[in-house]
Amino acid sequence: MVAMSKLHRKLLRDVWAAKAQFGAVSLVVLLGVAMFIASYAAYENLDSSYEGTYERLSMADYWISVDYIPQRAAREMNEIPGVVAEGRIVGDVSLDLAKESGERVAGRVISLPQQRHPEVNDVQVESGSYFSSHAVREVLVEKHLAEYHELEPGDWLTIKNGDNKARFKVAGIVTSPEYIWVAKNAQEPMPSPRTFGVLFMPQSTAETLFSMNGLVNEINLAVEPNTDRSAVLEEVRQILRKNHINRVTSKDEPVSIRARKIDVIRGVRTAYMVERKDHLGNRLLKMDLEGFQQLAVLFPVLFLSMASLAIYVLLNRLVESQRVQIGLMRALGYGKRQVVFHYLGFAFIVGAAGSLLGAVLGNALANALTGEYARQLALPFVVIEPHWGVVAVGMVIGIAMPLAAGLFPAWATTRMRPAEAMRPAAPAAGRRALVETLLPFLSRLPYVLKLPMRNVFRNPRRTFFMAAGVASAIALVLVSMSFVDAMESTLYTQFERIQNFDARVIFQGTGATATASYISHLEGIQQTEAILEVPYRVRHGEKVSDTSIMGLPEGSSMYNLLAPDGSLTSVKQGGILLSLSLKKKLGAEIGDMLQLEPVVGTIGDTEKRLVGFVDVPLGSMAFMPLRETQRLLRAPGTATGVLLKFDGEPSAKLLKRLYDLPETASLEFAGETRRFLDEMMGFFWVFIGVMLAMGAALGMAIIFNSVTVNVLERRREIAIMRAIGMSRNRLSLILTLENLAIGCLGGILGILLGHYLAVAYMAQFETDIMSMSAVIFPRSYVIAASAALVILLVSQIPAIRQIYRLSLPTATKDWSE
Amino acid sequence: MTDSVEPSKGQRDTLESRIKLEKTSKNYRMGQIQIEALREITLEVMAGEFIVFLGPSGSGKTTLLNLIGGLDSPSSGRIVVNGIDITQLTANQLTKFRRTQIGFIFQFFNLIPTLTARENVEFAAELVAHPRSSEEILREVGLEERMNHFPSELSGGENQRVAIARALATDPSVILCDEPTGSLDFETGKRIFKLLRVLNETKLKTVVVVTHNSAIGDIAHRIVRLRDGKVAEVIQNTHPLDPDELKW
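Sequence order for the protein chains is A and B. In this text, residue positions in the first sequence follow the numbering used here: the first is 4, and each later residue adds one. In this text, residue positions in the second sequence follow the numbering used here: the first is 46, and each later residue adds one.
No lab work stands behind these hints, which were simulated from the structure alone. Every residue, glycine too, gets a C-beta built ideally from N, C-alpha and C. Hints are not guaranteed to be accurate.
[Said to hold, decoys possible] Pairs of lysine to any residue residues, derived as SDA-like cross-links and limited to a Cα-Cα distance of at most 20 Å, are as follows: (1) B/LYS141 to A/MET419; (2) A/LYS22 to B/SER197; (3) B/LYS141 to A/ARG418; (4) A/LYS339 to B/THR145; (5) A/LYS339 to B/GLU94; (6) A/LYS264 to A/ARG244; (7) A/LYS587 to A/LYS656; (8) B/LYS248 to B/GLU94; (9) A/LYS172 to A/ASP231; (10) A/LYS648 to A/SER559; (11) A/LYS22 to B/THR159; (12) A/LYS339 to B/THR132; (13) A/LYS339 to B/SER118; (14) A/LYS339 to B/ALA174; (15) A/LYS656 to A/GLN530.
[As the list claims (entries may be wrong)] The following residues of chain B were derived to be distant from chain A, with all beta-carbon distances above 10 Å: (16) ASN111; (17) ASP130; (18) ALA174; (19) GLU189; (20) PRO288.
Sequences and hints are given; from them, build the entire structure.
See below:
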């Protein structure tokens with residue numbers, strides 16, 4: 004066994020002697036490293052889980068949608084070398100779940116081969132079984148829908164498509180790689196399973212339901228790796244052409260409405276092709292994951308920065324208090340480098356201990372986080388594996404940051420001349436604080452106030468570091484709280500200020516505005532308004548965005564439009580309003596002309612003047628008067644839904660009547676949607692909750708350290724005060740006042756820093772689903788500040804206890820301490 | 046340039062002379078005051094000599110000791126120790142010089158509080174290639190029973206003996222003592238001087254003591270009185286007292 008050098012032994016014993024301080028800083032490193040590893044490894048796990056699911060269930064590389072095409076076209080594509088193709092029918096229907104309420108759900112039916120699993124876009128049977136070989140009246144229900152409505156194999160449900168209506172038995176509950184994230188369409192990226200769900204039925208049954216014998220309307224292609232994709236796509240186009248589909252469009256190759264009109268005249272049919280990267284479900288999943296990845300970096304960086312600050316303060320104090328020992332080491336002949344390394348050793352121990360434990364905790368947390376997230380999304384295959392790369396990066400950062408922070412204090416030892424270091428430091432020149440010169444009456448304050456005041460100003464560096472410690476703790480709590488606030492504010496704006504309706508009847512396709520007035524006469528209905536929502540492409544110069552236009556009755560009182568300043572606004576004749584996120588995407592200003600063209604069809608292209616902006620936290624869209632939208636589509640009197648306000652609690656009878664309307668696809672309840680969003684955000688809340696708890700722990704560690712260091716640095720001075728007869732209580736009061744004064748300074752800095760960080764982070768947080776603006780409620784400032792205050796008061800207890808135990812003869816005499 | 050601090054041919058003066066100061070001055074600032082701590086001191090200490098520098102506080106005695114030990118550098122003049130002109134040494138060379146040539150003993154012991162007596166000695170011993178056995182030295186200073194105690198568990202005299210043992214660990218030829226008994230009682234102080242005398246006589250160590258206590262001069266071969274940074278008087282003591290006979 005190699006004997007440990009005495010310098011190393013001194014290092015270990017010094018660490019042990021100040022174990023509370025070093026432990027606290029290690030804890031901060033631990034939390035930072037654990038958080039980084041947990042979130043980043045969870046991110047990696049989830050990414051592998053998605054990719055693994057895609058691979059095992061042969062997720063398609065391309066989706067080609069057409070109005071109709073013979074099945075054999077898919078078989079021909081299957082013959083292309085390196086390509087596996089499956090044709091299928093996809094159609095939207097209404098589901099009657101055979102509940103007493105008559106509850107209906109908008110359903111998407113997807114056909115699958117009856118006798119075998121599809122070779123592309125397969126499903127994983129979670130319970131029950133795949134279709135039996137002969138029964139045609141069977142469906143497989145996607146897990147999210149099944150779980151929400153408690154559907155089990157053996158249950159029955161009714162599918163309604165126009166006038167066709169048939170009952171089906173649930174054969175099994177399945178998960179699908181396309182619907183890990185269940186998105187209805189770009190306009191409704193996050194529908195509640197109460198209103199929308201997916202089910203699968205045998206090909207022949209779908210052919211009957213949609214009257215498409217021998218035909219399909221979608222072909223899915225999986226292309227083997229190392230296959231020349233452009234050659235494959237060329238062959239696909241040839242097959243499509245053979246079937247009279249002469250144009251293929253995609254997100255990157257949109258067809259102008261002019262071309263579409265010409266196509267209609269010429270009888271040219273169009274296929275729409277989606278690549279996997281643009282597949283809505285996949286895109287939303289990845290976007291969600293990216294948001295997660297951002298958090299996975301932001302919080303740990305904050306933590307480790309604060310840990311570095313704490314190390315810096317701690318080592319500065321250590322070096323200062325060990326001046327004599329440093330002088331002695333140099334006098335004995337220890338080289339400068341040895342001394343520097345010795346003090347860096349403290350930072351290393353803190354970093355290494357924190358990182359090591361952080362890695363262990365981080366790994367465990369990563370598994371828990373992955374499991375929780377996978378459960379929320381009902382992922383069929385979950386990959387949980389150690390990510391050594393992430394662990395290594397976490398540990399390297401966890402060690403390197405404290406080392407970097409320790410460099411400065413350690414380096415300071417090289418500037419100490421041994422003889423000087425061993426002499427007691429000349430007392431700092433005592434002087435009046437600047438505020439005393441400016442405000443002379445302060446000099447007449449009693450000592451119990453004057454001393455803390457002078458101490459605050461006497462050593463600006465010490466004051467600054469303690470204030471910085473308090474500030475960073477407050478900032479961290481504030482940033483965590485701002486997420487909660489922003490989310491709450493987003494939901495509040497959407498559901499309390501904008502939406503002034505209890506429910507929305509969603510039509511299957513389009514219905515009539517007259518239905519709204521019909522509904523308004525039903526008993527238990529207070530008010531109704533018809534709305535018309537259509538997918539549109541908005542163009543401003545070179546910039547294009549696919550969005551939807553909502554036609555609202557002028558002066559609508561059920562869907563309030565909020566101007567960016569928060570005031571109420573309304574749709575205006577002859578003009579269009581854009582949500583703020585569209586403003587950003589299109590770079591448009593009020594007065595600009597925008598080109599509008601419908602995403603499908605050939606009717607409705609026009610130019611509109613941009614007349615204003617509205618704040619829409621959920622989704623991004625444009626608004627026009629209802630009648631103008633109807634005129635644009637040359638469809639007067641049409642609507643896609645009706646907004647409802649109930650008179651009290653809706654009766655079961657009323658709901659049944661609403662569900663039974665021929666146009667009803669489903670009913671969406673505002674409260675329900677809000678709850679669902681809250682649930683979907685469940686994971687996010689867990690994450691923020693963990694951050695908040697860790698933030699508080701960090702705050703405690705940092706404030707504890709700053710306060711303890713502040714007291715320990717002045718042991719001798721405090722001992723002298725005791726020696727000349729100052730009571731312990733008075734001394735404790737002076738210290739408390741001083742800490743409070745510095746705490747207040749830190750509080751102000753922390754609030755500013757936290758506010759700035761929250762705003763900076765929120766500015767980036769904008770997805771297709773949600774745009775959050777930086778909001779910090781006053782309560783968060785109060786919570787963060789009071790938490791810091793309590794922590795500060797509690798943290799000084801050990802330091803004050805030390806004063807109580809201080810041996811006066813030793814502390815006043817022994818300079819080697 | 047090598048890091049060697051062994052006397053080279055050119056550097057070699059006379060082996061009789063252990064320490065030689067030539068017109069050595071030291072000025073420094075303390076707070077806002079400029080202090081002339083030493084003014085053109087010239088003197089020589091011989092090998093195996095036991096010399097005491099006496100003077101009131103502020104006379105420059107500790108500064109002088111620091112300069113000899115290479116802890117500080119003079120503002121002007123030359124200092125030669127063991128034939129090495131230490132004023133010409135780089136910081137690294139000075140570190141090596143202190144490590145191999147000098148043993149320090151301080152008034153406040155300056156032990157590392159987190160290391161035991163034995164470890165404090167080893168702390169210095171580890172710096173040289175062929176140190177003396179820590180246990181043996183501790184036995185020599187009479188601490189064989191207290192080796193594994195921490196400084197806080199030892200008396201002042203024991204702490205100072207640990208400090209002496211530490212000074213001997215690297216087997217230096219010169220031992221510099223700054224008020225070595227300043228924080229000890231009379232009896233303990235006498236025992237410390239006895240120990241230093243033994244080292245001087247049996248191990249032929251050159252012992253330099255600075256103190257304000259003029260009684261201590263009686264045990265030295267030579268007494269140098271300092272006043273205001275200058276040598277005020279040099280007294281040759283032909284009959285040094287045994288430390289046991291000391292009185293103050």
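For this session: Over 10 Å to the closest beta carbon of chain A is the bar; see if B/ALA174 clears it.
Result: Non-interface label stands for B/ALA174: nearest chain A Cβ at 12 Å, farther than 10 Å.
Problem set entry | Given hint A/LYS656 paired with A/LYS587 - CA-CA distance at most 20 Å | Distance ~46 Å between A/LYS587 and A/LYS656 Cα, so the pair is violated.
For this session: Starting from A/LYS172, check that the Cα of A/ASP231 is at most 20 Å away, please.
Result: This hinted pair is violated, its Cα atoms lying about 43 Å apart.
For this session: Would you check the hint for A/LYS648 and A/SER559, treating anything up to 20 Å between C-alpha atoms as holding?
Result: Given that 20 Å is the threshold and the Cα spacing comes to 13 Å, the pair holds.
Problem set entry | Given pair status - B/THR132, A/LYS339, alpha carbons within 20 Å | Holds, at roughly 19 Å.
Problem set entry | Satisfaction of hint between B/ALA174 and A/LYS339, Cα-Cα up to 20 Å | 19 Å, holds
For this session: Could you grab the alpha-carbon distance between A/LYS22 and B/THR159 and see if it respects the 20 Å cut-off?
Result: Status holds; Cα separation ~13 Å.
Exercise. Is it true that the CA of A/LYS264 sits at most 20 Å from the CA of A/ARG244?
Worked result: Given pair A/LYS264, A/ARG244 holds - Cα atoms ~19 Å apart, limit 20 Å.
For this session: Starting from A/LYS339, check that the Cα of B/SER118 is at most 20 Å away, please.
Result: Holds, because 17 Å separates the two Cα atoms, which is no more than 20 Å.
For this session: For the pair supplied as a hint, A/LYS656 and A/GLN530, confirm whether the alpha-carbon distance does not exceed 20 Å.
Result: 18 Å, holds
Exercise. Far enough from chain A: is every CB of that chain over 10 Å from the CB of B/GLU189?
Worked result: B/GLU189 clear of chain A: closest Cβ-Cβ about 19 Å, beyond 10 Å.
Exercise. Taken at face value, is the distance from the CA of B/GLU94 to the CA of A/LYS339 at most 20 Å?
Worked result: Judged against 20 Å, a Cα distance of about 32 Å means the pair is violated.
The structure is inconsistent with the numbered hints 5, 7, 9, 16, although it conforms to all the rest.
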